[in-house]
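For the record, the sequence lines run as chains A and B. Going by the numbering used here, the first residue of the first sequence is number 664, and it counts up by one from there. Going by the numbering used here, the first residue of the second sequence is number 326, and it counts up by one from there.
Please keep in mind that the hints were generated in silico from the structure rather than gathered at the bench. Note that the Cβ used here is the ideal one computed from N, Cα and C, for glycine as well. One thing to keep in mind: the hints can contain errors.
[To be verified] Computed list of lysine-lysine pairs in DSS-like fashion (alpha-carbon distance at most 30 Å, straight line):
| id | chain 1 | residue 1 | chain 2 | residue 2 |
| --- | --- | --- | --- | --- |
| 1 | A | 821 | A | 766 |
| 2 | B | 553 | B | 627 |
| 3 | A | 821 | B | 553 |
| 4 | A | 757 | A | 717 |
| 5 | B | 627 | B | 683 |
| 6 | A | 766 | B | 553 |
| 7 | A | 821 | A | 757 |
| 8 | B | 683 | A | 757 |
| 9 | A | 821 | A | 717 |
[Said to hold, decoys possible] Incomplete in silico selection of chain A near chain B, CB under 8 Å:
| id | residue |
| --- | --- |
| 10 | 675 |
| 11 | 676 |
| 12 | 753 |
| 13 | 757 |
| 14 | 766 |
| 15 | 832 |
| 16 | 834 |
| 17 | 839 |
| 18 | 844 |
| 19 | 847 |
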Amino acid sequence: MTDQLTLLQALRLKGRVRASDLAESLAIDGPVLTAELDDLAAAGLAVEANGRFKLTPAGRDRLSELLDAERADLDTDALTTAYEEFDSYNNELKALMARWQLKDESTPNDHTDAAYDAAVIADLRALHDAFTPLLTRIVGQAPRLDHYPIRFASALAKIEAGDTSWFARPIADSYHTVWFELHEELIGLTGRTRAAEAAAGRAL
Amino acid sequence: MTLAEHRTNETRTELVVLDGTTDHDRELIGGKAWSIQHMRALGISVPPAFVITTEVCREYYDNGRTVPPHIWEQVDDAIGHLEGQTGRRFGSSDRPLLVSVRSGAASSMPGMMDTVLNLGMTDDIEAALAEQSGDPAYAADTRRRFGEQFAKVVGTPPPLDPRDQLHQAIRAVFDSWQSSRAVSYRAARGIDDAGGTAVTVQAMVFGNLGADSGTGVLFSRDPITGAKGAYGEWLSRGQGEDVVSGRMDAVHLDVLAESMPEIHRDLLAISETLERSGRDMQDIEFTVEEGRLWLLQSRSAKRTPEAAVRCAVDMVGEGLITEAEALHRITPDQVRALQNPHLDTAAARHADMLATGKPASPGIRTGVVVVDPDEAEDLADEGTDVILGRQTTDPDDVAAMSVSVAVLTEFGGSTSHAAVVCREMAVPCVVGCGADTITALAGRTVTVDAGAGIVYDGALPIVDGRHEDAALSTVRRWLLDAHPAADPAGDLADLLDMHTREEHTES
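Here chain B stands alone, though its shape is the one from the complex:
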């Protein structure tokens, strides 16, 4: 039930509380609100939210850029709804409600105001947040980021009154629809200027409020190997960016299963629901605030080539997608990556990364790091697999480079001497790993994935890629079914490439 529908004399849908009962289209409520509505309809807890529709944006411009006063009444009512749902109060320092304000057209658009987080912040609320989280630096940082975001998108520093902040931010979203970047973006793509943007206002939830709070990310399958079963990380007492940015050390999701088994169970059920509904592997962000689970975002997950192939094949087996869809989801480049020698992905995930640099010449090799070129030549003569590690390479290093299985440098870019020479000799090479990163590894056995620019500790298993695994064999069978005239022993990536191009021509 929308508030607008409560107002019997209203014919327009101006404001929608996203409570799980609505079914509006993207054109009216914008992409962000649409995805919240979608998750709510699946019965998933999302931080309470409402949306001011694109209708109001059009009214705003029809009225010479003023928001009709009755809209502000509806916004007040809707804020009341968020307060009721969260047990918090907007502008109150006792259990304060903070909100995010986001633009949302039918399709996202550069140049439009994107997001203001933590709106509703005041001096008193900063102090309250510091006390509740036990982390004054966090509260101050949240305050500072809000001030900066607000000033950037609204054009002035935030006013003291949270309601004024909210009204100004909403007007700024409407104004951003006609920003010069947004206008030229639409003009270039033939998007209608009259569509307008919606404004989504959503309660902020906090993962840093105590032992029964935290935040995490969850993949509905393993994004590295594609193996079935959710895979995630959890950071107790963590907030927002902490997990995504890797700023703090997250732990395996199993820890959550021990500390909050019910939340963990709900999370796995939600992960399955979202995957079935999205018909693809999901990357899910969530927060637990004082023992209550909130889903923040769900989208199709980025994945390794191995995971892409395995996932597509498994999902056909599970009846989730068709063979044609599976073939559409796998790219020839992903198949080629699996045909080349590559690290065993599961082993690489558990290995320690000792150094990273710029890929200069691809290839994967295991060997002992030697930092003296003379010693490198002697050891190579004795049959040792030597990885030459240097600050930077000299002309006198070339002989040693030629007998090494890989070369690493601390300084230099992809046009450095080491890079030029190694490419010429087809020796895997990573350059520019940083001061003291490589010479400190003298005597260690390492595995270099030069195409990725990573040096791993120890000897990792390398998959030679020449033999098709079960998933690739299945892909080949589908391709041959679809193209009976194709050479059954032909290169799989080429076959898929041909298939993809034919699909493209047909559609």
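Isolated chain A (complex conformation):
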């Protein structure tokens, strides 16, 4: 049985999502997850439209309560330190994303230069390896995030195997999507808001 917090948070971060896609993200057996989502819907916390699930307002309220309760039991000092360390990796990741998409400010990367792309992918691997110890510490502080290391590794493996759409593709669990969801989790776990972070020049 997946805990309710994990499910509600996954639904929130994905927006409107198919049960099968969510099952893959959370590494849960498909039929099991579908049954759990049906239970949420029966409780009025989620709703299904056109095969996609999303939170109801009641579901969002419930998620807020659960996140507040979780935070009360966490070592927020340790997580804040981790978040501050994360910031420099975040800047590196953003710079890599920009290089992946743009050759310069006004020239999109058309991905015809294999050497250029390979260099960016090699730098992503280096960033991934450097970042992994911090990610391990974060998961140690907040065990609910234990699906992140698997998702990062999976996206990187697909990129290195030649399917580069896993670099930045939205909605799918690309490296950028997973990174951005982790970032959102860290903002929440340290009791911050994205708007305040944005105004401070971080989390952009």
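Fit chain B to the known structure of chain A by using the hints.
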């Protein structure tokens, strides 16, 4: 007639009054004075000016950095000429004459002293200027800027005596010829160290002296569309930077046609003269001081791609330039810009700009601004063109972003989440528009030109660009005439690119 020529025992041309009768070369009088001389020769009123030639700069260095005393006598005479022309007096608080002092080598050069404006300023003159303009803050600001400019280029605060100010500024211009930046600039480009700089001294004119004064800018054609006919803006009682900086609201030049019809008519005639002489669209700055028109500057105008193409084609039709010159003036990038979907330029000019930000993902779309992602998805499902507007985007916004026709954010740069995601999905996106700029637009229909980073009010016409207009068809015909072997249906920008490269190789 130059003053130097009055001095029968002089063989050198040391000082030239730019009264419209002279024809000296750039090497002697420098670029700035040359353009004044050129406008005067066309019969155009330019604020009275004289130039101390590069000959004197060479004498200055030959004499161990001293200005020969007879030069100061000539400068006094020439100031007298400016006083006569303007009806003002240098150093007098009753109708004071202020001047600008500028360096001017044959070609402009970084590291050389550029300009000191409003030289001749004193306490009494500041008070007089405050009274005449009715604007003490303006007078104080002019005084402050003069003091700062002078101290920066001369190295000391301005002395009290206007003549001392002038002499020090002239020496500073000569000294700047040998500044380390100027010397290394010349060394890097193989420019002769012996050339020297000229010093141009010109009367300042004021557009803020009353109801019959003002300042403006004028384009000899419309720089947005390229349409024939002058296009300009006028600011009654405005001075200098006011129009250029947009600090005050200028009005259409038609207003000048009503208030000062003769000045307006003269201005249009001058605009035509300058365009014919320059053989290109001109960007002209002018000032009217107490009912008298003065041209301050004229240069080739910056223009949109549409104006560049139309102007070049029209000018061939008018016999002003040749087809070869026209093709030389149009760039492949300008043609490509017209081939892509773009806003109707005339409509965009009259539209209100609601917000501007950093371009993150190009494209032009019209839609309704929606600030709630759930609502955005619902409306998009119903077939509405939704523009998602957010302070900053969350992971949970991505689904809404994917169904929106464009995305706008208040915070973030070109590497922000919104930018990365939108580029990946090819959704037009403008980021970092500023606090409360976008969320305040909820429910409004807007047009986003994401490549330019602009949000316009309302639905603007978008030109799809796939069909060549008359001007582009003409350009294609010229290119095919010049290159009979080229594919007649080939991409026009590529054709022009090939043409430009061949020209480059040949020359």
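Outcome of the hint check:
Annotation: proposed proximity of residue 821(A) to residue 766(A) holds, straight-line Cα distance about 23 Å (limit 30 Å). At most 30 Å may separate the alpha-carbon atoms for a hinted pair to count; residue 553(B) and residue 627(B) meet this at roughly 15 Å. For the hint linking residue 821(A) to residue 553(B), the alpha-carbon distance of about 58 Å lies beyond 30 Å, and the restraint is violated. Note on residue 757(A) and residue 717(A): the hinted pairing holds, with a Cα-Cα distance of about 28 Å set against a maximum of 30 Å.
Taking the CA atoms of residue 627(B) and residue 683(B), the gap is near 22 Å; set against the 30 Å cutoff, the hint holds. Between residue 766(A) and residue 553(B), the direct Cα distance comes to roughly 39 Å. Violation of the 30 Å bound is thereby established for this hinted pair. A threshold of 30 Å between alpha carbons decides the hint, and for residue 821(A) with residue 757(A) the separation of about 20 Å falls inside it, so the pair holds. A distance of roughly 16 Å separates the Cα atoms of residue 683(B) and residue 757(A); the hinted pair therefore holds under the 30 Å criterion.
Using a Cα cut-off of 30 Å, the hinted pair residue 821(A) and residue 717(A) holds, with the two alpha carbons roughly 28 Å apart. Look at residue 675(A): its Cβ gets to within about 6 Å of chain B, closer than 8 Å, so that hint holds up. With 8 Å as the threshold, the beta carbon of residue 676(A) comes within range of chain B, its nearest partner Cβ sitting at about 5 Å, so the hint holds. The criterion of a C-beta within 8 Å of any C-beta in chain B is not met by residue 753(A), whose closest approach is roughly 10 Å, and the hint is violated.
The beta carbon of residue 757(A) is positioned within 8 Å of a beta carbon in chain B (closest approach about 4 Å), and the interface hint is therefore held. For residue 766(A), the interface hint is violated, since its Cβ never comes within 8 Å of a Cβ in chain B; the closest pair sits about 12 Å apart. Taking 8 Å as the C-beta cut-off, the interface hint given for residue 832(A) holds, the closest approach to chain B being about 6 Å. The restraint placing residue 834(A) at the interface with chain B holds, with a minimum CB-CB distance near 6 Å, inside the 8 Å limit.
Against a cut-off of 8 Å between C-beta atoms, the interface hint on residue 839(A) holds, since the closest Cβ of chain B lies about 6 Å away. A distance limit of 8 Å between C-beta atoms decides the matter here; for residue 844(A) the minimum to chain B is near 5 Å, and the interface restraint holds. With a least beta-carbon distance of about 5 Å to chain B, the hint placing residue 847(A) at the interface is held under the 8 Å criterion.
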